[in-house]
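Could you slot chain B onto chain A? The hints should help.
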Amino acid sequence: MPEQGALIQPVRVFPWRSAAPLLTWLASPWVTLGSIAATAAAAVASVSLGWGATWTLAAPLTVFTVNLAMAAVTHPKLRGDPVLLSFHLALAAFVLLAALGRMTYLKGQVEVTESAKFDAAHAGIENGPWHINRLGETRFFNEGMVIEYDAQRVRGETYNQVRWLDDGGRWRTTVIGDEYPLVINGYRFYTTGNKGFAPVFTWRAKGGAPVSGSVHLPGYPLHEARQETVWNPPAGPSIHIRLAFDEEILDPARPSVFRVPQRPRALVTAEGSRATLLPGETMALVSGELRFDAVSTWMGYSISYDPAKPWLLAALLTATVALAWRLASRWRAEPWMDTPKPEQGA
Amino acid sequence: MMETWALWAALTAYALAGSLAIAGIWRGQPSGRLVLTLLSGALALHALSLGLRWARLGHGPFTTMFEILSSNIFSFTLVYAAALWRFPAIRPTFALAAPLVFLMMGWLMVTNPEPGVFPPTFDTGWLYVHIGFGKLFMGAALVALGVSLVPAMRLTGLGARAFAALPDDTSLDELAFRFLSAGLVFDTLMLAAGAIWAQDAWGRYWAFDPLETWSLVTWLLAALAIHARITLRPPAYAGTLMIALVFTVAYATFFGVPFVTERPHQGVV
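Residue numbers (the working numbering), protein chains in the order written: chain A, 1 to 346; chain B, 1 to 269.
Just chain A, same shape as in the assembly (with noise of 0.2 Å):
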C-alpha cells in the first residue's frame, strides 16, 4: 500500500501550477491588443498580397479566441460583470463559429437547361474539409425563367420557377430569384446574371441510337458576339456550332424580357462539312446525322451552404447588444465631464 505522501505528491506537481503563468499570460491586455492588431495586419496581407485569408487570419484569431477565454476563466472584474462576460463570451463563440463555418461550408455554380433536373455532378464547387456533401441528393428542376431588362439593358428582377424535392418527399413548386433562394438540405441555391441560349440537337451516329443534348453557350448578353461553341456528342465527332440571329433580344432603347430568338440559325461545323440549320432541319455527315431541334435556355445558379451562419448572426447580435448595454450604464453612472466642485461655504 503506498504512503500517503506518495497519493499527494502528483497533485503538487499538477500541471495547471506550473501553466498558471502562461494562463496569466494569455488572458492579458497585451496579448489582446497584440492579436488584435495582427488580424489588422493579416488582413491587410491577405488584400494587398493576395495571401487566402482564411489562413492568413487563422493564428492571430486563435491567439485572440484563447485570450478571451482565458480573460472570461481569469479576471475577476469580467467573471463578476455578467454583460461585459457575455460580450466578451460573445465575440469569442463569434471567432470560434467564424472557423467552424469555414471546416463545413460548401460553395459552387452550375448551369441548368430549361425544363432539365439538376446535376451535382455538373456543379463546380469548393468545400470546407469536414463538409458532409449531400449535394447529390438534391433533386430540382429549372422550369424556365423570366428576366426584366430596364433600358440600356441593364437587368432587372429575375423570376426563376423550380420545381423541388422536399424532405417529406413531395414535389414542390417555387419561384426563386437573385435575392429568393431554393433552400433544399441546407444548401441555398440562388439564380445569377450568367444565363443564356441553350441550342438542342439530336445525334444520330451510323447504326446507333439518336442522343439529343443542349449545348450551353457564352452566357447572354454578356458574351453577345461569341455565341459558339464546341460540342463533342456520345461516339460522334467534334462538332463547332456557332447560334445566329438577326433581332434585338434585349432593345437597349426601350425595357424587355431575356426571351429565345424566334428566327435562329445553326452554323454548323463538323468533319469538314458546313451547314447552316433552321429548327427542324438535318445535316448529313460522315459517321452520323445531326438534328437542329430548337433553342432552350440555360440559367446559372450559384449553391452555398454554411450551417454556422444562424448563429454568427446571433452571436454578433449578442456581442454588439451587450456591448451597446454596457456603455450605456456606464455613461448613466458616469458624467463625461467633471462637475465642478462648490465652492466652500456656498
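Please note that the accuracy of each hint is not assured.
Partial selection, computed: residues in chain A whose CB lies under 10 Å from chain B [said to hold, decoys possible]:
1) A98
2) Y190
3) L317
Hints in this document: simulated from the structure, not taken from any laboratory. No residue lacks a Cβ here, since even glycine has one placed at the ideal position from N, Cα and C.
Structure of chain B alone, referenced to chain A:
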C-alpha cells in the same frame, strides 16, 4: 432645378457655418449657437435637395460618387449638429471638422451629378439598414475626431488660447472615446446588416473583397483603440492619434475603395 438650387444653398450655408466656426476660434470668440443655427438651415435645404433627387430618380443617394458624397456631407453634418445640440460645451470643435466637410464639398462640385444604375440587388430594406448604420458610424467617428483633436491642439500656443474655454483634456478624451465606442456599435451593426444583405444579394455573407476587408480592419482598429484606452490609460494626445488613425482608415475605406472602383463592391452588384 429646385433640387440644384437647394443643394447650392445648402453648400453655401455649410460653408458659412464652417467659416464662422473657424473664425470664432481664430478670434477667441466662438459663436456656437449661430453655427448650429446655420447648420440646421443647411441641413433642411440639403434634405430638400436629396428628397427631390430621390423622388426624381426613384431611389436614394446610393449609386454614384456624387450621391455618396452628397449624402455623406449631409449625414456627417447631421450627426455633428446633433452632438453640438446635445453637448453645447463642444460647439467650438466644429471648427476642426469643418475643413473635412469643405473638402468633400469641393470634391462634390467636381463630380459628375448624372444618375447611375440602381442594381436589382439594391432593392432591399437591408440597404437602408446597412447604409444608415454606416453613416451613423462615420458621423460618430467624425465627432470623436473633432473632440479628440482639442487636447492635441492645446499643445500649441494658438490651440491653448483658442480652446481655453472648452472642458479639460481628460473630459474631452472621455467624450471622444464615448463617441468612438458608440461608433463601434454602429459599425458592428453596419457589418451585420451588410452581411445579411450580401447573403441574399450575392449568395455569400462575407467574401473578403477589398471593401469588406478594409471594413474589418476599421472595426479592428476601433476595437484596438478603445481597448487600449481602457486598459493602458494613455495620455489624451495618444487618444487623439488613435482616433485619428481609426477615422483615416474608415474614411479611406468608405471613400477610397468606391473611388478607386467607382462603385461600392464593384463587380458584384
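Hints broken by the structure, by number, lowest first?
-> Of the numbered hints, all hold.
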